[in-house]
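Student: Note that the sequence shown ends on residue 609 in the numbering used here; no numbers are left out.
Hints may contain errors.
If you anchor each label on the Cβ, the simulated ranges turn out as follows [stated by the list, open to error]:
1. Leu570 to Arg601: 40 to 48 Å
2. Arg483 to Arg534: 52 to 60 Å
3. Arg526 to Arg601: 17 to 25 Å
Hints are computed from structural coordinates only; laboratory data are not their basis.
On a predicted model such as this, the values are computed, not experimentally measured, just so you know.
Built from N, CA and C at the ideal position, the CB exists for glycine as well.
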Amino acid sequence: MIKLFLAAERRVSSAMMVLACLLMALAATLGFYQVITRFVFSEPSTWSEVGVRMTLIWMVMLGTVAAFRQGALVSVDLMFRLSQGSWRRILHILITTVIIAFLAVIVWFGAEITWRVRHQELAGLEMISIAWGYLALPVGAFFSIVAVLANHFDPRHMELDTAL
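Whenever a hint applies, use it, and build me the whole structure from the sequences.
Tutor: Below, the structure is given as structure tokens:
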């Protein structure tokens with residue numbers, strides 16, 4: 446069951462990373478467009494700055510999925526390096542639990558704020574709801590929870606954990 450979960454999660458995390466990279470390229474392109482319209486044509490675009498902001502928000506939230514999957518977990522590094530055996534496992538479980546709790550709060554309140562602002566429109570992009578920007582919070586946090594769990598249960602991680 447864990448092997449199936451890890452295989453599915455590996456695909457999801459890879460897709461999130463690819464999507465985050467594409468969003469970074471899009472943000473750079475929109476930023477370049479903004480500079481050209483502002484300084485070359487002296488007629489700044491009204492929508493590209495908002496587009497850059499939204500793509501950067503989504504890029505960060507989707508990129509954190511890959512970071513969590515690779516084990517970039519918030520921890521007290523010295524404490525983790527000094528602990529051994531069962532203490533290290535307990536510390537790892539504690540860190541994983543705290544991170545999942547924090548991400549669950551982001552999912553909960555991110556979904557709530559997304560629902561509350563669903564009728565507001567983005568400045569410069571009047572046809573698009575601002576909720577699309579806020580939706581990055583619960584989506585990114587949800588997939589980050591999956592990545593944190595996968596990192597915790599990954600047997601390769603356990604081998605590295607005991608080698609430290």
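Student: Next step is simple, just say for each hint if it's right about the structure.
Tutor: Evaluation of the provided hints:
Separated by about 43 Å at the C-beta atoms, Leu570 and Arg601 satisfy the suggested range of 40 to 48 Å. Look at Arg483 against Arg534: about 55 Å separates their beta carbons, and that is inside 52 to 60 Å. For the hinted restraint 17 to 25 Å between Arg526 and Arg601, the CB-CB distance of approximately 19 Å keeps it satisfied.
No hint from the list above goes unmet by this structure.
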